[in-house]
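J.: Let the sequences and hints guide you as you build the complete structure.
Respectively, the protein sequence lines represent chains L and R. For the first sequence, the numbering used here assigns the number 1 to the initial residue and increments by one for each residue that follows. For the second sequence, the numbering used here assigns the number 308 to the initial residue and increments by one for each residue that follows.
Hints were generated in silico from the structure; no laboratory data involved. Fair warning: there could be bad hints in the mix.
Looking from chain R toward chain L, a few residues come up when the C-beta cut is under 10 Å (computed) [as the list claims (entries may be wrong)]: (1) 378; (2) 381; (3) 383; (4) 395; (5) 396; (6) 411; (7) 453.
Distance condition first, Cα-Cα at most 30 Å in a straight line; then the derived BS3-like pairs of lysine-lysine [to be verified]: (8) L:7 to L:222; (9) R:400 to L:124; (10) R:484 to R:495; (11) L:47 to L:175; (12) L:165 to L:48; (13) R:400 to L:130; (14) L:11 to R:400; (15) R:400 to L:165; (16) R:400 to L:222; (17) L:165 to L:7; (18) L:254 to R:484; (19) R:400 to L:175.
Yeah, the Cβ is synthetic: ideal placement off N, Cα and C, and Gly gets one too.
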Amino acid sequence: MLENFEKELLKTIADISGLPDAGAFNIRRNGESAGRHSTENITIEPKKDKPGIDIRVMPFTSHEAVHIPVIVTESGLNDVVYNDFYIGEGAEVRIVAGCGIHNNGECDSRHDGIHRFHIGKNAKVTYVEKHYGEGEGTGARILNPVTEVYMDEGAECEMEMVQIKGVDSTVRDTKAHLAENARLLITERLMTHGAQTARSDVVINLDGDGSSAQIISRSVAKDTSEQIFYPRAVGNSRCRAHVQCDSIIMDSAKIRSIPEIAANHCDAQIVHEAAIGRINNDQLTKLCTLGMTPEDAEQVIIEGFLS
Amino acid sequence: MLELKNLSFTVDGGERGTEIIRDVSLTVNDGEFFVITGPNGGGKATLARLIMGIERPTDGQILLNGREITGLSVTERARLGVGYAFQQPPRFKGMTVRRLLSLAHGNPLPEDVCCEYLTNVGLCSREYLNREVDNSLSGGEMKRIEIATLMARDLDVAIFDEPEAGIDLWSFSVLVKTFKSMSRRKHKSVIIISHQERIMQLADRLAVIADGTVADLGTKEEIFPRLMNDLNDNCGFREG
Numbered sequence: 001m002l003e004n005f006e007k008e009l010l011k012t013i014a015d016i017s018g019l020p021d022a023g024a025f026n027i028r029r030n031g032e033s034a035g036r037h038s039t040e041n042i043t044i045e046p047k048k049d050k051p052g053i054d055i056r057v058m059p060f061t062s063h064e065a066v067h068i069p070v071i072v073t074e075s076g077l078n079d080v081v082y083n084d085f086y087i088g089e090g091a092e093v094r095i096v097a098g099c100g101i102h103n104n105g106e107c108d109s110r111h112d113g114i115h116r117f118h119i120g121k122n123a124k125v126t127y128v129e130k131h132y133g134e135g136e137g138t139g140a141r142i143l144n145p146v147t148e149v150y151m152d153e154g155a156e157c158e159m160e161m162v163q164i165k166g167v168d169s170t171v172r173d174t175k176a177h178l179a180e181n182a183r184l185l186i187t188e189r190l191m192t193h194g195a196q197t198a199r200s201d202v203v204i205n206l207d208g209d210g211s212s213a214q215i216i217s218r219s220v221a222k223d224t225s226e227q228i229f230y231p232r233a234v235g236n237s238r239c240r241a242h243v244q245c246d247s248i249i250m251d252s253a254k255i256r257s258i259p260e261i262a263a264n265h266c267d268a269q270i271v272h273e274a275a276i277g278r279i280n281n282d283q284l285t286k287l288c289t290l291g292m293t294p295e296d297a298e299q300v301i302i303e304g305f306l307s
Numbered sequence: 308m309l310e311l312k313n314l315s316f317t318v319d320g321g322e323r324g325t326e327i328i329r330d331v332s333l334t335v336n337d338g339e340f341f342v343i344t345g346p347n348g349g350g351k352a353t354l355a356r357l358i359m360g361i362e363r364p365t366d367g368q369i370l371l372n373g374r375e376i377t378g379l380s381v382t383e384r385a386r387l388g389v390g391y392a393f394q395q396p397p398r399f400k401g402m403t404v405r406r407l408l409s410l411a412h413g414n415p416l417p418e419d420v421c422c423e424y425l426t427n428v429g430l431c432s433r434e435y436l437n438r439e440v441d442n443s444l445s446g447g448e449m450k451r452i453e454i455a456t457l458m459a460r461d462l463d464v465a466i467f468d469e470p471e472a473g474i475d476l477w478s479f480s481v482l483v484k485t486f487k488s489m490s491r492r493k494h495k496s497v498i499i500i501s502h503q504e505r506i507m508q509l510a511d512r513l514a515v516i517a518d519g520t521v522a523d524l525g526t527k528e529e530i531f532p533r534l535m536n537d538l539n540d541n542c543g544f545r546e547g
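T.: As C-alpha cells, then:
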C-alpha cells in the first residue's frame, strides 16, 4: 500500500494519486515494483539481467498512455534502473515518467534512470519526465538521468523534462539519433535553489535527410546554486536544428550556458541562441502596478517562465 | 480625486541636479477625463510615474481621495485604485494574455470577459487569449494588451502613457471609442498622456506640461486655440 505522502509524490511527478485505474503502468518504489499493469497494446516486463523494465508498444497503437514513475522514500537508497522502450511502427503513445525523492534521513538518496527509446517508423511519442525532491533530512537528493533516443524514419518525439525543485544534485545526459524526416523537440525546464548543482548535456545527431530538432532550455537559478548547460546539435545531413537556452539568474547563483552547433553537411541549417539575465525591473514594476507585492511578482514571473 | 501639490522631482547630475518636474500642482476630479500633453522631454511621463509611485518626488505631496499617498509603494497605490499603462509595456515569457488579464483583474477571468476586453482594444480576441506576452507579439499588439490590463480593473485613477503610440489607424479608431466609453462607466478618473488631437478632443480638461511644469491648464475649448497658436508661431513646442 502506498502511504499518503507517497501518493502526494506521485501526484507531483506523474499527476496520478496512486495506481492508475486504466492503461499500462509500472510504479517503482524504493527499488521495487509497487504495481504493474500491461494492456493489450502495451506490455511491461521486468528485465532478467538487471534492474529495470522493457516497455513494448505494438505497431499502430493509437493514443494510449503509459505511466512509469519512480519514488524513493528510503534514506540512503541508491537506485539504478534500466528502462527500454520499443515503440512499434506508426504507434502513438504518451509516456509519463518522473522521479520523486522524499529524504528525511542523513544519508544520500539517489536514483539513476537509464532510459533508451527505440522509436519505430512514423511513430509518435510524447514523453514527460518530472523530477522533484523533498524531506527534512540532511541527506542529499540526487538524480542522474541518462536518456538515449533512436528515431527511425518519420518518427516524432516530444520530450518535456522538468526539474521542479528540491533536487540537490543532478547530472543529465541526453543523446539522440534522428533518421530521415524524424522530428525531435526537447523542452527542458529546471529550477535550482540553495546550494544545488545541475548539469545537463544534450547531443542531438541529425543523421537523416529532412530531420529536424529543437532544444528549448529554460532555467532559474536561485541562492548559491550552480547550473551548466551544454546542448549540442550535430547536423550530418540535410537537416534543421534550433537550440535555445534561456536562464533567469538570481541572488548569488552561477550559470554557464554553452550551446554548440556543428555541421558535417553543407545543407545542414543549425541555429543557436542563449541568454542569461536577471528578472527585468519593468516586469516586476508592471505586476506591482496590478497590486502584487514584489515577492509575489517575482514568483509569478518565475512560474510563467518555467511553465 | 487626485491632487498633486507642489510636486518636484530632481535627478542627480551636475552640481544641483537636474529638475525634471518643477513645482507642479494639479487636481483631477472624479469622473474627469484629463489629458496631459506637451513637448517631448517636458516631463509628462515622469509625472505619470510619480503618480503611480514608480518614481518618488523630491518634494511635494500626492493625495488620493484626500489621503496622502506620497510615501506609499507602487503595490499600495495599486491596491488603493491607481493604475498605469506603460508607454513601453514589458514582455513576459511563458505568460499568456489570459493569465495577464486575470492577474490584472485579481481573479481568474472567464473567457468571454477576456474576449470583451481584447475586442475593445481592437484585437481579435480568441486568437490572442492563449498567446504568450513575449517577443512574438508586435509593439502595437503589446500596447493594446497593456490597455486591456487596465480595462480589467476598476480604478479610481487610470493613467495611460501615450496609448496611441505604435497603434495603426484602424485600431486607433476603436481605441478612441473605447476611451470615450471608459470615461463614462469604467474608471472614476482617466488621465491620458497623448499627442493625438482625437484623444485631446475627448478631454474634459487638458494640461500642457513643458520644461517640467504646468505651462497651461484648462478646458479643451480654452486650451486648443492657444495650443494651435503656439504651434503656428513655431515656438519651442515643436523643437522640444
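J.: Out of the numbered hints, which ones does the structure contradict?
T.: Hints 1, 12 and 18 contradicted; others consistent.
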